[in-house]
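Enquirer: So the protein lines, in turn, are chains V and H. Numbers 1 to 572, taken from our numbering, label the letters of the first sequence in order. Numbers 1 to 289, taken from our numbering, label the letters of the second sequence in order.
Treat the hints loosely; a few may be bogus.
What the hints assert, rightly or not - With a straight-line Cα cutoff of 30 Å, these simulated DSS-like cross-link-like pairs (lysine-lysine) come out:
no.: 1; chain 1: H; residue 1: K30; chain 2: V; residue 2: K240
no.: 2; chain 1: H; residue 1: K267; chain 2: V; residue 2: K57
no.: 3; chain 1: V; residue 1: K386; chain 2: H; residue 2: K278
no.: 4; chain 1: H; residue 1: K278; chain 2: V; residue 2: K196
no.: 5; chain 1: H; residue 1: K278; chain 2: V; residue 2: K238
no.: 6; chain 1: H; residue 1: K267; chain 2: V; residue 2: K240
no.: 7; chain 1: H; residue 1: K282; chain 2: V; residue 2: K157
no.: 8; chain 1: H; residue 1: K267; chain 2: V; residue 2: K389
no.: 9; chain 1: V; residue 1: K567; chain 2: V; residue 2: K86
no.: 10; chain 1: V; residue 1: K352; chain 2: H; residue 2: K142
no.: 11; chain 1: V; residue 1: K458; chain 2: H; residue 2: K267
For the record, the hints were derived by calculation from the structure and aren't laboratory data.
Single-letter residue listing:
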Amino acid sequence: MDISFNIGGEAGQGIDTIGDLLTQVFVQAGFYTFTIKDFESRIRGGYNFTQIRVSDKPIHASVDHVDVIIALSKDAIVGQRDRLTKGGVIMFDEGIEFDDLEACHFSAPLEKTAREVGGNIKMMNAAALGAVLSVINFPFSLAEEALSDIFGRKGEKIVQGNVDVAKALYELTKSNFTGTCNYNLETLKKGPCRDKLLLTGNKALALGAIAANVKWISSYPMSPSTSAFQDIVEYAHKLKIGTIQTEDEIASLGMTIGASYAGARSMVTTSGGGFSLMVESLGLAAMTETPVVIYNAQRPGPSTGLPTRTEQADLLFMTFASQGEFPRIILAPKDPIEGFDVATRAFNLADKFQIPVMILGDQYFSDSAMNIPRIDVSDVRRDYGKIAKAGPDSEYKRYLLTEDGISPRAFPGDEGKTIVSSGNVHREDGHITEDSELRNLMVQKFMNKIPAIMAEMKPPTVYGKEKAETTLLTWGSTWGAANEAMETLASSGVSINQLHFSDVYPLRTVKLRDVFAASKQVISVEQNITSQFAQLVKMQTGLEITQYINKYDGRPMTPGWIISELKEAGLV
Amino acid sequence: MITQEMLRDPQKVTWCTGCGNFGILAALKKAVIELDRPIHEIVLTSGIGCSSKIPHYIGGVNSIHTLHGRPIPIATGIHLANTGLDVIVHTGDGDCLAEGLGHFVHAARRNVNLAVFIHNNGVNGLTKGQFSPSAPRGYISKTSPPPPGAPMDPVNPMAQAITAGATFAARGFSGDQNGLVNLMVKAIRHKGFAVVDILQPCVTWNHILTWKYYNEHTYSLQENGHDVTDKIQALAKAMENGARYPTGVFYNVERPDLASGIALPEKGALKDHITDLKDVQKIIDDLML
């Protein structure tokens, strides 16, 4: 079973609530789900959709085709009909005026049933659900069980109302829908999936940050990063996390540096435009060796670009942002599971090396949701790095020169120590200097951290066969689509594997060289036009990638798109 | 107790001979002593410029010397991470009233518990004497772009502070040690956003706003009857920005400060608070379908 649902309509019509309900029913019934959100930068109106893919096998990407469309507006019928599979269904409320009817169309009394049977127009979600499940012949008993799990906390009346409305539409559709649908799930039993934690990338990242003991976050709202900030703010009072919405992104990172200098684990969330404003402060964090975690949820640029869409075009900007030279780490989680781990690691790495650690996500990572296994936080480790011994020490020097370049931290308020920091070149005691020898020593101090940083970077992972003629080179969120494309091709006999980086900078090169030696062709697959990761690889290793697959329309890659691009270019 | 010996300059001062900053440094040291607080609970932050080198000329005090115009956000972060600290911002007119003006206004609006000392001399000294945002209209600088003379009115830091929501606004003069020390101590002890606009000559570049000029053009608010709780009266005094400069406290009221609206722990500093992983597990488990 592998079905794709598309729920479309205007912003504000409740696409998300229908989508959430549908997803939850399938999760409860034991299936894998993967949801993407496609929306415009506006508060009301327009045309937006949520697309949910459901499968009895693990899935990590969206697909191009749609099997069932639930349209809440005329645009949602017209906008998706070309993507409808043969035997698919477009369902919409009878209130929508639409004359160009085809056999695949089904006009249903969603709103009317919600009002008359449930007594509440909000139950239109359940009505849509009932109709959808009916056209695919999904056993209603499974849905009923799921609905009672979902609405159970709201009381028996709500559960019953929703079940009644769903059931009414389920039955009505059974007798009225004359079209055919590809899917007949009449004999379906509970699915094999036991993963009940439904998370977006941003939510997973936020949970990782709170597990890592983040104590300060100051941000300015910017799509698609905003929900990560909100997800942390939601728990601020309960867990005691200082949060503030600042006047701009300059203040966001400034406050974060201040809080971290004072001893609190601190972060900012932003997108590329906001990070542009933070660049000067990034240099201050580096020069003062103040640990900070910066999350950039990328969107297409330059400038305002496409605010609610996806791209991976800030990689080189993040890698080289700021004047001067200093160590930094960039991590790009591939999915929500990794998002949680990356967030907890980011704080440990920032503290351990006293450097900025940047997490590079994108709208696809941020807003896509999948059900994952329960996260067990007992695996979370908090490593605050080198901290100076407690007690008075009149000789304490914040920038003590050490072999590994890392000086023990102390914090204002620590009795008997003076903590002096500066964005100017400074002496070991933190006071400023223009001495050439000290300048050299302080620059070398930065660089002395790099071997230990490299040892903490996870090497890339090879997916598929260890050796293949063709290798797809990916990083960050495009992993899922490329992975499925690779597996599909491999199963049809193509000799192909995938080399994926989640820790993107500094670059681990050993495995990269092995794969380059073993494969006949390495093809970079990136959500940008200039293959930035491939450029980074060449710059750091001299290894040249000559085949590229690029997408830069702001819409996520799908396995099908990658396969057709590869075929079109004659690469597979 | 803090002694002058503890505060001795950690390095050689680089200001010009006769610089107004010497008076501010001397007053800061006296204020730190008069505060009678443990020295490790004081933090200086500064921006960029001659003013902002001050943390390097006072020993034994925690400090972070930051970016041009940005010391206030950094100080805000320090304060909220540990509200037990006294956080002082040293900034200049070129620092705070140019690149930093937005942060200044928003910090005042938030009434964040900081003491901000603006070393105000009307010029960007360290970059060779360009007019700063507080230079009067028509002020001629050889290093600022033509036409000669600042073609705009100056920023009025007192009026900005008062209208934006600062709960303590005062003006001092680097040549009046006793008065300045008194204002600094009051500002640091004030719970809320406290600003002291400190008039100081730049002896190298500014030949209009000189020691003599300030001595002749300043008068004391407190000696001439002024209600520091009256916002309109305070603003009227702040607008006297030209022929005569009032000094002393313009405005001093109590309002809820920023920290009271942030999710800080009831006891102890935010920086020492540890999120219990059991609470995080519960949050995750509650999200499970």
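Enquirer: Now, for every hint given, state plainly whether the structure supports it.
Expert: Comparing the hints with the structure gives:
1. H:K30 <-> V:K240: violated (37 Å)
2. H:K267 <-> V:K57: violated (50 Å)
3. V:K386 <-> H:K278: holds (26 Å)
4. H:K278 <-> V:K196: holds (19 Å)
5. H:K278 <-> V:K238: holds (12 Å)
6. H:K267 <-> V:K240: Answer holds: K267 (chain H) to K240 (chain V) is near 11 Å, not above 30 Å.
7. H:K282 <-> V:K157: At roughly 27 Å apart (the allowed maximum being 30 Å), K157 (chain V) and K282 (chain H) satisfy the hint.
8. H:K267 <-> V:K389: holds (24 Å)
9. V:K567 <-> V:K86: Holds - the C-alpha atoms of K86 (chain V) and K567 (chain V) are around 23 Å apart, at most 30 Å.
10. V:K352 <-> H:K142: violated (49 Å)
11. V:K458 <-> H:K267: Measuring from Cα to Cα gives roughly 39 Å; hence the hint is violated.
Hint check: violations occur at hints 1, 2, 10, 11; the rest are consistent with the structure.
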